[in-house]
Amino acid sequence: MIEEDVLDQDAVFRVGRVVSVDGRRVRVAVDKLKNGSHLLYRGGLVRNVAVASYVKIVKGFVELIAKVDGEVVEEDRGATSGYRRGVDPLSRQLDVSLVGYIEGGRFERGVREMPLLDNECFMLTEDEFGLIHTFVSADDEPLEIGALAMEPTQPVSVGVNAIFASHVGIFGNTGSGKSYTLAKLYHELFKRYGAIETFRQRSQFVLIDFNGEYVNRAGGSEEYATAVIAGDDVKQVYDLSTHDDGGDQLPLPRSAVHDPVFWTVLLDATEKTQAPFISRVLKSDYWDALLPDSAALLDVIGDLVARATKSNDATIDRQLPINFLEEIEECLGDDVDRQRLLSLIQEMRDKLQYFSRDHNFYWGPRGSAEEKWATADDWSDFIKGKVTAVQQDFSSVGDVDLVRFKLVLQYYRDVISGFANREHLGPMMKRMVERVPSIKRLVRVSDDAFTKVPLTVVSLRNVNLAMRKVIPMIVCKHLYDDKKRSDPHGQRYLNLIIDEAHNILSSESARESEAWRDYRLETFEEIVKEGRKFGVFLTIASQRPHDISETIVSQLHNYFLHRLVNNLDVHAIEKAVAYLDRVSFESLPILPTGTCVLSGVSAQVPVVVRIGQLPPEAAPNSRTMSVTTEWLSPLIADSDDEDPPDAIDLSDVDWPSVPPF
1 MIEEDVLDQD AVFRVGRVVS VDGRRVRVAV DKLKNGSHLL YRGGLVRNVA VASYVKIVKG
61 FVELIAKVDG EVVEEDRGAT SGYRRGVDPL SRQLDVSLVG YIEGGRFERG VREMPLLDNE
121 CFMLTEDEFG LIHTFVSADD EPLEIGALAM EPTQPVSVGV NAIFASHVGI FGNTGSGKSY
181 TLAKLYHELF KRYGAIETFR QRSQFVLIDF NGEYVNRAGG SEEYATAVIA GDDVKQVYDL
241 STHDDGGDQL PLPRSAVHDP VFWTVLLDAT EKTQAPFISR VLKSDYWDAL LPDSAALLDV
301 IGDLVARATK SNDATIDRQL PINFLEEIEE CLGDDVDRQR LLSLIQEMRD KLQYFSRDHN
361 FYWGPRGSAE EKWATADDWS DFIKGKVTAV QQDFSSVGDV DLVRFKLVLQ YYRDVISGFA
421 NREHLGPMMK RMVERVPSIK RLVRVSDDAF TKVPLTVVSL RNVNLAMRKV IPMIVCKHLY
481 DDKKRSDPHG QRYLNLIIDE AHNILSSESA RESEAWRDYR LETFEEIVKE GRKFGVFLTI
541 ASQRPHDISE TIVSQLHNYF LHRLVNNLDV HAIEKAVAYL DRVSFESLPI LPTGTCVLSG
601 VSAQVPVVVR IGQLPPEAAP NSRTMSVTTE WLSPLIADSD DEDPPDAIDL SDVDWPSVPP
661 F
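Using full-length UniProt numbering, the letters of the sequence shown correspond one by one to residues 1 to 661.
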């Protein structure tokens with residue numbers, strides 16, 4: 001009975017025979033009776049082979065699996081001569097490409113051997129179809145993410161090790177569902193492992209969120225998601241802001257804030273002059289030794305002011321002494337009493353004058369009893385006495401202001417001594433004036449852990465453009481360097497997730513110097529190339545893969561490819577993704593929303609997946625608004641309004657029967 005079932009099944013499932021073998025490209029001639037769209041088998045319908053489906057080629061005891069790339073109709077040259085109907089000499093033929101084989105009850109990707117001419121070709125049984133789409137190995141844990149787009153009854157699961165111990169790329173045009181896929185992937189992970197204590201202790205996920213899509217928002221589930229990806233027991237959010245003081249601050253250790261690389265990145269320091277200056281100042285202990293002794297530091301400051309006023313070099317700015325003291329005052333921060341220093345600055349503005357004809361400073365009104373010239377023998381002692389009398393305390397200066405303070409002191413010391421050119425270092429000092437207030441709003445010095453829960457979301461929605469580029473770079477580099485230093489054997493896990501990655505991984509940018517761009521790309525390229533050895537992995541999501549460094553895109557292990565329309569983006573994927581077959585590649589521009597091509601080391605073959613639905617409260621806040629609903633809805637009342645406006649009543653409107661166009 002079993003043999004009859006097998007013979008019966010083979011008779012129905014047989015497609016045809018191999019007529020051509022050209023490497024992985026194989027051509028199969030379809031039997032005359034197998035040209036319909038469906039076949040009858042035991043009272044049911046079986047879908048016949050078509051483009052993008054799979055077939056099995058039997059070579060003795062070996063079962064080879066191939067994917068149908070196309071089909072053609074050609075003249076059957078084996079037809080006998082004589083009277084025949086005109087359709088009979090035509091043969092339907094399938095162009096298929098070998099993708100793997102079945103061995104030991106498992107599907108293995110790759111080509112072990114080639115078929116022979118006249119080998120029989122069959123449609124796949126339900127069990128064989130399931131084997132091809134079983135991507136999880138026996139020693140891995142499955143994570144269901146959706147179902148096949150063409151076969152909704154076939155669920156698609158990926159292995160936890162195969163996905164999360166790899167670099168992942170999620171690409172797609174805006175509105176194609178890439179943020180939803182990212183959220184689905186990590187929501188399922190935290191739902192499975194989030195409550196396990198060892199997972200919470202030994203794993204860290206940091207999500208850089210440029211648009212605030214993964215931040216929980218107030219409101220019902222119909223309007224906004226209230227627990228994006230995971231709840232507060234798993235997720236911690238830093239909602240940063242440079243617009244006001246109401247935003248959160250990232251906790252970074254003191255060593256990170258005083259790291260020369262931190263300030264090189266923050267100030268866009270040039271490689272030849274500015275970066276070495278920062279490194280020299282922050283690695284030297286000269287100013288650190290003076291800071292605890294305010295009297296000694298004031299003596300050095302007074303000496304610098306005196307030297308600046310005694311110089312008769314016409315190239316030195318005459319406002320240099322006052323500018324020097326003003327920048328010192330700005331470096332003290334908000335917690336330091338600086339009233340005496342402000343009084344000294346005001347006194348110098350009023351009484352320190354410059355005589356341009358002789359290129360000399362003098363003090364006090366001309367002809368008054370206070371008049372004193374810089375040529376006097378006691379001029380240096382006089383000016384130093386003015387400064388040291390301030391008795392300013394420097395012990396309470398915060399860490400960010402302290403670094404700026406040391407850079408300002410060394411900058412003016414080098415300029416006054418003639419060791420530095422203001423044209424080289426001046427632009428960096430101006431950037432520091434602009435960026436230090438922003439960094440003080442975004443970063444605080446703390447030895448506390450960056451996060452005490454597995455997932456950290458850093459939202460940059462309310463951060464200005466300069467800091468949006470700098471903060472992700474600083475955070476990722478600090479975490480990566482700390483991981484290499486403190487955990488060289490990779491016993492703990494770190495995953496850096498960057499949404500809208502083209503903002504910081506772009507290989508071309510007109511807003512930054514070439515040196516800064518190279519440094520930024522080299523840092524992330526090192527992570528994607530070497531991070532695996534230290535337990536550091538990268539997940540990037542972007543709508544413009546063409547803008548991202550080719551090195552980064554090509555080093556990814558797994559790809560979730562949503563709809564891509566731009567030719568440059570499609571070409572970038574074509575060059576980088578070696579796992580993608582021609583049919584899957586050509587489907588990229590027409591993929592529906594929420595559907596993606598899964599390709600990479602976690603999938604035996606590229607598959608088109610319909611991503612599973614998330615609970616409304618866990619979906620990212622990236623929904624497309626319904627304009628017809630919003631246009632006809634009442635405005636939300638402001639807090640000062642007592643009553644909201646009434647809804648618009650359209651029931652009595654006399655709409656025209658013919659559209660006005």
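Treat the hints loosely; a few may be bogus.
Taking lysine-lysine pairs in the DSS-like style, the calculated list, with each CA pair at most 30 Å apart, reads [unchecked claim]:
(1) K533 / K191
(2) K59 / K32
(3) K372 / K310
(4) K575 / K283
(5) K372 / K440
Pairwise CB distance ranges, derived in the manner of DEER restraints [claimed, not checked]:
(6) R623 / K533: 37 to 43 Å
(7) E617 / N421: 57 to 63 Å
(8) G105 / D447: 34 to 40 Å
(9) D482 / E371: 55 to 61 Å
(10) S633 / P589: 46 to 52 Å
(11) P155 / R444: 25 to 31 Å
(12) V300 / P251: 52 to 58 Å
(13) F419 / K533: 41 to 47 Å
(14) W631 / R109: 49 to 55 Å
(15) S417 / K575: 50 to 56 Å
(16) S446 / N323: 29 to 35 Å
(17) E329 / A195: 51 to 57 Å
Simulated from the structure, these hints should not be mistaken for laboratory data.
Ideal Cβ positions, reconstructed from N, Cα and C, are used throughout, including at glycine.
Indices of hints not satisfied (ascending): Hints 4, 5, 8, 10, 11 and 12 are the ones this structure does not satisfy, whereas the remaining hints hold.
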